[in-house]
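Number of protein chains: 2
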Amino acid sequence: MNTHMTPEEFRRYGHQAIDWIADYQARVESFPVLSKVSPGEVRAQLPAEAPQLGEGFEGVMADLERVILPGITHWQHPSFFAFFPANASGPAILGDLLASGLGVQGMLWATSPAATELETLVLDWLAQLLDLPTRFRSEGPGGGVIQSTASDAALVALLAALHRVSGAATETAGVSTGRYTVYTSSQTHSSVEKACRIAGLGSGALRKISTDPWTQSADPQHLAELLAADVDAGYTPVLVVASVGATGTGALDPVAELADLAHRHNAWLHVDAAWAGVAAVCDELRFVNDGLEKVDSYATNPHKWLLTNFDCNAFWVADRTALIGALSILPEYLRNTATESGSVIDYRDWQVPLGRRFRALKLWAVLRWYGAVGLAAHIRQHVGLASEFGGWVQADPRFEILAPYPLALVTFRLRAGDQATRALLDAVNDTGQAYLTHTLVNGQLAIRMAIGSVLTERRHVEATWTLISSLGG
Amino acid sequence: MNTHMTPEEFRRYGHQAIDWIADYQARVESFPVLSKVSPGEVRAQLPAEAPQLGEGFEGVMADLERVILPGITHWQHPSFFAFFPANASGPAILGDLLASGLGVQGMLWATSPAATELETLVLDWLAQLLDLPTRFRSEGPGGGVIQSTASDAALVALLAALHRVSGAATETAGVSTGRYTVYTSSQTHSSVEKACRIAGLGSGALRKISTDPWTQSADPQHLAELLAADVDAGYTPVLVVASVGATGTGALDPVAELADLAHRHNAWLHVDAAWAGVAAVCDELRFVNDGLEKVDSYATNPHKWLLTNFDCNAFWVADRTALIGALSILPEYLRNTATESGSVIDYRDWQVPLGRRFRALKLWAVLRWYGAVGLAAHIRQHVGLASEFGGWVQADPRFEILAPYPLALVTFRLRAGDQATRALLDAVNDTGQAYLTHTLVNGQLAIRMAIGSVLTERRHVEATWTLISSLGG
Chain Y
-13 MNTHMTPEEF RRYGHQAIDW IADYQARVES FPVLSKVSPG EVRAQLPAEA
37 PQLGEGFEGV MADLERVILP GITHWQHPSF FAFFPANASG PAILGDLLAS
87 GLGVQGMLWA TSPAATELET LVLDWLAQLL DLPTRFRSEG PGGGVIQSTA
137 SDAALVALLA ALHRVSGAAT ETAGVSTGRY TVYTSSQTHS SVEKACRIAG
187 LGSGALRKIS TDPWTQSADP QHLAELLAAD VDAGYTPVLV VASVGATGTG
237 ALDPVAELAD LAHRHNAWLH VDAAWAGVAA VCDELRFVND GLEKVDSYAT
287 NPHKWLLTNF DCNAFWVADR TALIGALSIL PEYLRNTATE SGSVIDYRDW
337 QVPLGRRFRA LKLWAVLRWY GAVGLAAHIR QHVGLASEFG GWVQADPRFE
387 ILAPYPLALV TFRLRAGDQA TRALLDAVND TGQAYLTHTL VNGQLAIRMA
437 IGSVLTERRH VEATWTLISS LGG
Chain P
-13 MNTHMTPEEF RRYGHQAIDW IADYQARVES FPVLSKVSPG EVRAQLPAEA
37 PQLGEGFEGV MADLERVILP GITHWQHPSF FAFFPANASG PAILGDLLAS
87 GLGVQGMLWA TSPAATELET LVLDWLAQLL DLPTRFRSEG PGGGVIQSTA
137 SDAALVALLA ALHRVSGAAT ETAGVSTGRY TVYTSSQTHS SVEKACRIAG
187 LGSGALRKIS TDPWTQSADP QHLAELLAAD VDAGYTPVLV VASVGATGTG
237 ALDPVAELAD LAHRHNAWLH VDAAWAGVAA VCDELRFVND GLEKVDSYAT
287 NPHKWLLTNF DCNAFWVADR TALIGALSIL PEYLRNTATE SGSVIDYRDW
337 QVPLGRRFRA LKLWAVLRWY GAVGLAAHIR QHVGLASEFG GWVQADPRFE
387 ILAPYPLALV TFRLRAGDQA TRALLDAVND TGQAYLTHTL VNGQLAIRMA
437 IGSVLTERRH VEATWTLISS LGG
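One line per chain: the protein sequences are Y and P, in this order. For what it's worth, this note's numbering labels the leading residue of the first sequence as -13, then goes sequentially. For what it's worth, this note's numbering labels the leading residue of the second sequence as -13, then goes sequentially.
Some clues are possibly wrong.
Just the calculated beta-carbon pair ranges, DEER-fashion [to be verified]:
{"id": "1", "chain 1": "P", "residue 1": "L55", "chain 2": "Y", "residue 2": "Q114", "range": "24 to 32 Å"}
{"id": "2", "chain 1": "P", "residue 1": "R321", "chain 2": "Y", "residue 2": "R52", "range": "29 to 37 Å"}
{"id": "3", "chain 1": "Y", "residue 1": "T307", "chain 2": "P", "residue 2": "L55", "range": "29 to 37 Å"}
{"id": "4", "chain 1": "P", "residue 1": "S455", "chain 2": "Y", "residue 2": "S327", "range": "42 to 50 Å"}
{"id": "5", "chain 1": "Y", "residue 1": "T307", "chain 2": "P", "residue 2": "D416", "range": "29 to 37 Å"}
{"id": "6", "chain 1": "P", "residue 1": "L55", "chain 2": "Y", "residue 2": "E44", "range": "52 to 60 Å"}
{"id": "7", "chain 1": "P", "residue 1": "A214", "chain 2": "Y", "residue 2": "P127", "range": "45 to 53 Å"}
Calculated lysine to aspartate or glutamate pairs in the EDC-like style (CA-CA distance at most 20 Å, straight line) [stated by the list, open to error]:
{"id": "8", "chain 1": "P", "residue 1": "K22", "chain 2": "Y", "residue 2": "E326"}
{"id": "9", "chain 1": "Y", "residue 1": "K22", "chain 2": "P", "residue 2": "D332"}
{"id": "10", "chain 1": "P", "residue 1": "K22", "chain 2": "Y", "residue 2": "D416"}
{"id": "11", "chain 1": "Y", "residue 1": "K22", "chain 2": "Y", "residue 2": "D416"}
{"id": "12", "chain 1": "Y", "residue 1": "K22", "chain 2": "P", "residue 2": "E326"}
Since the hints were made in silico from the structure, they are not lab data. For glycine and all other residues, C-beta sits at the position ideal for the given N, C-alpha and C.
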C-alpha cells in the first residue's frame, strides 16, 4: 500500500514531470496535430478497474507516453490553427504549479488574503496593459475577477443585468416567461444562448441581431428595431452582448452604438472579447477597445491568446453592485470579521461556484515574465503572420477571403464550393501536419486559419499555406 | 524584452518550483495556519503597475516567499481544521502539472480523445471504488463527469431536472415565476439557494425541510407535507437535494425516503455529498451510500477529502439524457465527424462552460498512486482521529457535543454559551497553531473541528485539543 508521497519523492517525480514537459515542448512539432485514434481506443488500453494497491508514479509517466499521447490533439503544436489558440506558456505552467502546491482555496479574503489581493492587483495590471477604461479598476465602484471561461462571464453578466433591471426582485421571485429579452448577433458565441437557457429565460428570449455580410458586425439599426418592437410588445430588454472578435470570423461589433441603444432601454451591455480583447496589449490594435468606456462589463481570456494556461477568463464590471447582489449569499459558516468589516473583496460573491483556485499566480507570472513589451511582441507576431497568410490566399485565384482579418484569424474558401472546401480541409487535417477548423459564412462553408500558438513561427504558417495550396485542386 | 521561456529555461525554473513546493510541504507546519495580514497589506508590497520589460522567474519566486506566503492561510497545514479540507497531494499536483504542460482543451472528444476517454474511465473507476450503484457507470444510460465544484453540480442537476419535468419546454420558454419548487434541508449548502437564483427560479422557490435537532437530518415527514401543500397550490416540484455530510455538522439525510417522496411527484433527487461521499472508499463507511440506488444524480469532491487538488468535483447521473438536453448547443464551428457519429462523449454538453481542462489526469494519478487500499487508509485515519477527539470533548464537562460525528467532523461548544465559545475560537485561531471555523446549531454558536488534511497526524489533533482545553476557561 502507498502512503502519502513524501517531499523527497515529490521532488524526484516532480523533476521527472518537469523534464517530460520540457521535452514535450521541444518535440511537440513531431506529432500529428490532430489525434488519429478511433473512439474507445484510448480507454481500451487501460485497466477497467482502479488498482487495489498503489504504485509508483512511473506507471503514470509510462502510460502518459504510451496511451495518452497518441490520443492527444496537440493544442500546443506550432501548426495548431483550429478554433482559437489555448496558450500554455512556461511561466503560466509554473505559476499554476505553485498554486497547486500552495493548495489554498480563495473563496473569501480571509481564507488566503494573498490570493484575493494578488487577483485584484493583476486584474488592475491587465486593465492598464490593455488600456481599458479606468472605471474597470478596483479603486472605484468597478473591478476585475478571474472567471473560469467566457461562458461563465456571459452568464454572470446576465445575472447581474437581471438583478439590476428588476431592482433585485429576480433574486427572490425569479424570472417570468416571456418578460425579459436578450440581444446579440448571429455571430456571437453559443455561450450567450446557453446563458439564456441556464438563467431560466429560455432560448426564446434571445434576439439575433443581423450582421453585415462582409464584416459580420452586428447592425445597430436592426438592434434598434428589435428593441423598439420588444418594448412595444411589453418585454423588458435586459442584456445586449456585443462581440469583439466573434468566434466564426472574428467580427468586431460597433460597441459604442450597441451600448447607447442598450442604455436607452436600461439594458446591460456586456462585451465578449474572449479571443481578441488581449490584442489591446499592442498600441496599434487598440481598436478592439472602441466603445468600452460605455459598457457595463467586459471579458477577455488570457487562456486563449495571452500565454496563460486554461482556465483564466478576465472579467470586469464598471459597477460591482449588481454582480455581487446577484451572486452573494452569506451562510453562517462563512461569516468572518474581515467580510463584515466591508474592507475586503470576497470573490465567491463574484462567481457561480463557492470554491476557487489561486489562478492569479499564473497570470502574475506571465505578466512579469513577458512584461508589456513581450506580450505585445507575442500578439504582434501572429497578427503579422495572419496578414501575410491572408495575402497569399488573396493572391491565389482558386480561393476567396470571406471576412476582414485585422487580427490573426483568416476565413477563406475554395471558389469551387462547399464540397471542395470540405474535402480540402479534411485532406489538410489528415496529413497531421496542421489542424484547421471550419465555420459557415453567409451559409457557405469556410476554413478558419487562427494563428496564435506559442511556438508558431513564420515557417509553420508558410508550410501550412503550401500544404493548403498543393491540396487545393 | 523577454521572449518565450525555452524548454531549457522551463526545465531549470521548473526544478526550482518543484523544489520550492517540496520544501513548502516539509515546512508548512512552521507557519501560522491563519494568515495574520491586514486588508491591503499584501497588495501594498507589490508594484502598482505591470512591468514594461519582462524579468526572469526569480522575481516571482522571491516575492512568493517574501510577499505571498505571509498572506497565505495554509490549507495544507496539518492543523488546518477549518471549513472542510482541500487535499493537495503530491500525485495530484503532478498530474495537474502534466495537464498544464499538455495544454489541451477537452471540450469535444475530437479536441483530445484521451482527455475525454480518461475522464470517463476514472469516473467509472471512482464509482467502483466508492461502490456506487452500477447505473452511474458509463456503459449504461448514466455516466460521470468532472465539474468544477459541488455548486456547479447542484446547478446542472437543477437544469437537468427542469428539462425533464418540463419535457424540454424550459429550454426555449424558460421558467415561470411561482411555478417550480425546490426542496432541501436548512443544513444544506448555500449552493442550492444560489442555483435557484441562477436558474431563474429565485430563492422564493426554495422550501427548507426541517431537521432533527440532534442528527440535523432532513425530516421526510416534513418534506411530504411541503410537497403535498405545493402540489395542492399548483406548483410543480422539480428538485429535492439531499445532503450526505452537510456543511454545518456533517448531517446525513435519509436519502431513500427523500428519493421516494421526490419521485412520487416526478421531481429529481440530487445528492450533494461534496465532503463525505468519498468516505465510501472504506467498507465500514459505506452508510454514506444508503439510498443512492434511488437517486437521479450524485456529487462528491475528490478536491476536498480525496487527495486531488482543486478543482475536481465528481458528478454522476443515472440517465444522461436530461443533462445533455439541458446543456447541449451545437454551433457550426464545433461540428465534427466524431460528434455526429454519436459514438463519443462531448463533455461540453455536460457542463456550463464550453472549455475544459484535462482534470482527469490528476484524479488518475491519485487513484493509481494510492490504490483502493491507500485511499481507504487516508480516510480511515481521519475518522479514527475524529472519534478520539470527540471522546476527549465529551469527557470534559465544560464542553458539549452538538451533533453525531460518524465521520471526521466534530461540532461542539462551551456550555458557558455563545460568547465564551466565540472567545475560545478566536483565541485558538489567534495562536496560529490551529485554525477552526464555526457554525450555528439550533441557533447556538458551535465550533467545527474538520479533520482531513494530508499531513495531519495524531499529534496535531492532540495538540489542538490541548490548546482548546487550556484556552477553554
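How the hints compare with the structure:
Taking the beta carbon of each, L55 (chain P) and Q114 (chain Y) are about 26 Å apart, inside 24 to 32 Å as hinted. Remark: the range hint 29 to 37 Å for R321 (chain P) to R52 (chain Y) is upheld by a beta-carbon distance near 31 Å. At roughly 33 Å, the beta-carbon separation of T307 (chain Y) and L55 (chain P) lies within the given 29 to 37 Å, and the hint holds. Distance hint check for S455 (chain P) and S327 (chain Y): the Cβ-Cβ separation is about 31 Å, which falls outside the suggested range of 42 to 50 Å.
Between T307 (chain Y) and D416 (chain P) the Cβ separation comes to about 34 Å, which falls inside the hinted range of 29 to 37 Å. Distance hint check: the CB atoms of L55 (chain P) and E44 (chain Y) are about 32 Å apart, inconsistent with the given range 52 to 60 Å. The beta-carbon spacing between A214 (chain P) and P127 (chain Y), approximately 47 Å, falls within the hinted interval of 45 to 53 Å. Distance restraint check for K22 (chain P) and E326 (chain Y): the Cα-Cα separation of roughly 17 Å lies within the 20 Å cut-off, and the hinted pair is therefore satisfied.
Simply put, K22 (chain Y) and D332 (chain P) have alpha-carbon atoms about 17 Å apart, close enough for the 20 Å limit, and the pair holds. Our distance criterion of 20 Å between C-alpha atoms is broken by K22 (chain P) and D416 (chain Y), whose separation comes to about 58 Å. Simply put, K22 (chain Y) and D416 (chain Y) have alpha-carbon atoms about 8 Å apart, close enough for the 20 Å limit, and the pair holds. Of the pairs offered as hints, the one joining K22 (chain Y) and E326 (chain P) holds, with about 17 Å between alpha carbons and a cut-off of 20 Å not exceeded.
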